[in-house]
Structure formats: structure tokens, C-alpha cells
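Taking the hints into account, I'd like the entire structure generated from these sequences.
Position 107 of the sequence shown, counted from 1, bears residue number 107 in full-length UniProt numbering, the numbering being contiguous throughout.
What the hints contain is simulated information worked out from the structure, not anything from laboratory work. Hints are supplied without guarantee of correctness; some may be wrong.
Below, simulated DSSO-like cross-link-like pairs (lysine-lysine); rule was C-alpha separation at most 30 Å, straight line [said to hold, decoys possible]:
| hint | residue 1 | residue 2 |
| --- | --- | --- |
| 1 | 2 | 154 |
| 2 | 98 | 154 |
| 3 | 306 | 319 |
| 4 | 306 | 284 |
| 5 | 2 | 112 |
| 6 | 227 | 154 |
| 7 | 22 | 2 |
| 8 | 154 | 112 |
| 9 | 227 | 98 |
| 10 | 2 | 306 |
| 11 | 112 | 22 |
| 12 | 227 | 319 |
| 13 | 22 | 227 |
| 14 | 112 | 257 |
| 15 | 22 | 306 |
| 16 | 306 | 139 |
| 17 | 98 | 306 |
| 18 | 306 | 154 |
| 19 | 306 | 227 |
| 20 | 139 | 154 |
| 21 | 284 | 257 |
| 22 | 257 | 306 |
| 23 | 227 | 2 |
| 24 | 319 | 22 |
| 25 | 98 | 2 |
| 26 | 306 | 112 |
Keep in mind it's a predicted model, so treat the numbers as computed, not measured.
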Amino acid sequence: MKVLLTGATGYLGEKLCRRLLKEGHTVRAFVRSTSDLSSLPSHGDDGAFELAYGHVNDYPSLVRAFFGCQVIFHVAALVEPWLPDPSRFFSVNVEGLKNVLQACRETTTVEKIIYTSSFFALGSTDGYVADENQIHPEKFFCTQYEKSKVLADKVALQAAAEGLPIVVVYPGVIYGPGKATAGNVVARMMVERFNGRLPGYVGSGNDKFSFSHVEDVVDGHIAAMHKGRVGERYLLTGENASFVHVFDVAAIITNTKRPWFHIPMWMVEAYGWISILFSRITGKLPLISPPTVYTMRHQWAYSCEKARVELGYNPRSLKDGLEEPQNTSFQDGALPWMSFLMEQKYHLIREIIQHNSVTIANVDS
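Right, here's the structure in full:
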């Protein structure tokens with residue numbers, strides 16, 4: 001089967017690309033001209049893997065890339081907690097999806113579309129566990145990214161109602177082995193935590209997220225291609241846990257001390273506003289922002305029972321998933337991935353610790 005994959009150079013996309021090739025499919029990776037292709041497989045003589053250059057906002061490039069493909073995996077998305085120009089979220093995540101779906105309509109060979117949404121599209125679950133039947137109330141959005149994914153979901157479901165063969169999947173907070181490269185700040189922060197150099201919790205521990213191991217999410221995508229019912233939605237989530245629990249499990253696995261203090265959320269939010277100010281001056285994205293804090297103040301817990309029953313989805317426990325990277329070397333940079341949410345927490349703790357250390361040093365001198 002010939003498969004087109006957007007977002008192939010991303011963390012999830014790269015692993016999905018390799019799994020599809022391993023299954024014997026012919027894969028065409030849709031990439032930007034500026035994309036770093038180092039994580040992708042090399043071109044083989046068998047023609048099983050090829051590149052198509054373009055952008056989700058460049059409609060003609062999508063039509064050319066989709067030609068002759070039976071399955072479209074639309075994984076590409078702009079994922080950030082905050083951007084100075086929020087319109088970019090909607091340009092890529094909403095308008096880009098519209099272009100992808102229209103290109104599918106024009107491509108007679110397309111038999112199935114797997115669209116990777118986000119748990120944010122379903123909304124928060126404060127005090128309960130939700131499933132695919134939850135509809136985002138749209139009264140408040142923690143981030144503009146969340147809002148863009150809600151709007152994109154409407155586009156996808158409307159397309160399904162009109163007869164387009166689309167299946168929507170919703171991963172949780174993705175983690176798993178990954179290289180601590182310059183572009184993977186999250187992995188570098190995990191090194192700090194797993195080596196015991198980040199001693200603090202963020203908040204009281206009342207937050208809750210659904211953690212998905214990256215290989216489980218890949219399994220879910222493959223199963224959605226083979227077994228997913230057209231027009232249906234599937235949560236590819238895992239264990240629901242607070243970040244306090246994640247930190248504690250990490251401490252047990254690595255035989256390091258558990259964090260010994262909590263940073264109050266009001267302090268985190270104040271830090272976020274200061275970071276936004278400096279971001280507007282320097283042009284660099286902040287490592288923490290108020291939208292991230294708003295997200296941390298809610299719970300995002302979900303049930304993947306539907307995917308278990310219909311797709312055979314079988315996510316591993318958080319403990320099992322976090323233990324796996326211990327089979328590789330920290331020196332090689334192989335460690336868990338915790339998405340941008342984890343990045344914000346770990347980097348914030350480190351920044352505050354470093355700031356306090358400088359302050360103490362100045363007083364002592």
C-alpha cells in the first residue's frame with residue numbers, strides 16, 4: 001500500500017514512518033524544503049521510501065504529493081503553548097487541514113485518511129475521566145493551540161459527515177525514548193530530572209494528564225489504518241497521572257531523590273508573564289508562559305477503552321514506559337519524551353533554581 005505521511009520529520013511522524021516501512025508499505029514523506037531530514041530513513045533502491053516537498057498551506061504541492069496514494073496520515077501540526085502571532089496556529093492547524101482534506105477529495109486513489117488530533121480538542125476533564133463522546137464546551141481555551149485543534153476537529157468531523165473516509169485519533173502527552181538534540185529541549189530537561197538535578201515539583205500535584213508512550217501511539221495509528229471505522233474517533237491515551245506521580249516514578253526508576261519542594265502556581269504564572277515580556281523584546285519564544293500555567297491548572301484524563309476494544313490498542317503503564325530508556329545510555333542522550341508540557345515544567349524549575357543560586361551567591365559576596 002502506498003502511504004503519504006505529513007509531519008514525517010517530527011517526533012511521532014519519524015517513528016510512524018519507520019514502522020510503516022517495516023510493515024512493507026511504500027511511504028512518501030511530505031516535508032518542507034527547510035526540514036531537517038536527518039531522522040528519516042535513507043533512500044533505498046527499492047523505492048519504498050520517497051520525499052515530496054511542500055507545505056500544508058501550499059495546496060498545489062499537496063495535490064502533487066497525494067497522487068497515487070491510498071492512505072494519508074496527517075500528523076503535521078504547529079504545537080507550541082504560546083506564539084507572539086497566534087494566527088499561525090490557525091493557518092497551519094486549521095487551514096492546513098482544510099487543504100489536506102480538499103486534496104484528498106481531488107485524489108481518486110485515497111481510500112482512508114488518519115488525522116492526528118490532540119486530547120486538547122476534547123477539553124479538560126476536571127474531576128472525571130472523559131471518552132470520545134466529550135465535546136469541547138468552547139467557553140474557555142487554555143492556549144490558542146487548543147482552540148485551533150478544536151476548530152480543526154470540527155473541520156474533520158464535518159468532512160467525515162460529507163463522506164470523506166477519515167478516522168480521527170487523539171494521542172495523550174507523548175513520551176518515550178528520544179535523542180537529546182539541540183532541537184529536543186524536552187529530552188534535555190528529562191536528563192536533568194532523571195539525573196536528580198531538578199528537585200522541585202510545579203504546583204500542588206492536583207494536575208492530571210494522560211500519558212502515551214510514543215510506540216503505543218504508533219501502534220494506534222497503524223491499527224486505525226487497518227481497523228479504524230470511517231467517521232469514528234479514537235483516544236490513543238494511556239495512564240492518567242499527575243506530574244507529582246511522574247516525578248516520583250522517575251525518582252524510583254533512577255534511584256534518585258524525589259523532589260523536596262513545590263513551586264506555587266502564582267509564582268509560575270508571574271514568571272510566565274515576565275518571560276512573555278522578554279520574548280517580545282528578544283524575539284525568542286519563552287520557556288514558560290501564562291497559557292502553559294492555565295493548562296497546568298486543569299485535569300486532562302481520558303479513557304482509551306474504545307481503542308482497546310476496536311483497534312486492539314494496548315498502552316503500557318507509565319512505569320513500564322519510563323523504565324524502557326534505562327536499557328540505553330544517558331550519555332548517548334536516549335531518554336523519555338514528555339511533550340512541551342513537560343518541557344515547561346522542567347525548564348522552569350531549573351531556571352528558578354539557577355536564579356536563586358545566583359541571588360544567594362551575590363548576597364554572600
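Going down the list of hints, with the structure as the test:
1. 2 / 154: holds (27 Å)
2. 98 / 154: At roughly 11 Å apart (the allowed maximum being 30 Å), residue 154 and residue 98 satisfy the hint.
3. 306 / 319: At roughly 23 Å apart (the allowed maximum being 30 Å), residue 319 and residue 306 satisfy the hint.
4. 306 / 284: Since the Cα atoms of residue 306 and residue 284 sit roughly 41 Å apart, the hinted pair is violated (cutoff 30 Å).
5. 2 / 112: holds (11 Å)
6. 227 / 154: holds (23 Å)
7. 22 / 2: Within the cut-off at roughly 13 Å; holds.
8. 154 / 112: holds (18 Å)
9. 227 / 98: This hinted pair holds, its Cα atoms lying about 24 Å apart.
10. 2 / 306: This hinted pair holds, its Cα atoms lying about 27 Å apart.
11. 112 / 22: Distance ~20 Å between residue 112 and residue 22 Cα, so the pair holds.
12. 227 / 319: holds (28 Å)
13. 22 / 227: holds (18 Å)
14. 112 / 257: violated (48 Å)
15. 22 / 306: holds (26 Å)
16. 306 / 139: holds (27 Å)
17. 98 / 306: holds (27 Å)
18. 306 / 154: Holds, at about 20 Å.
19. 306 / 227: Measuring from Cα to Cα gives roughly 12 Å; hence the hint holds.
20. 139 / 154: With Cα atoms ~16 Å apart, residue 139 and residue 154 stay inside 30 Å; holds.
21. 284 / 257: violated (33 Å)
22. 257 / 306: violated (38 Å)
23. 227 / 2: holds (17 Å)
24. 319 / 22: holds (27 Å)
25. 98 / 2: holds (22 Å)
26. 306 / 112: holds (20 Å)
Checked against the numbered hints above, the structure breaks hints 4, 14, 21 and 22 and satisfies the rest.
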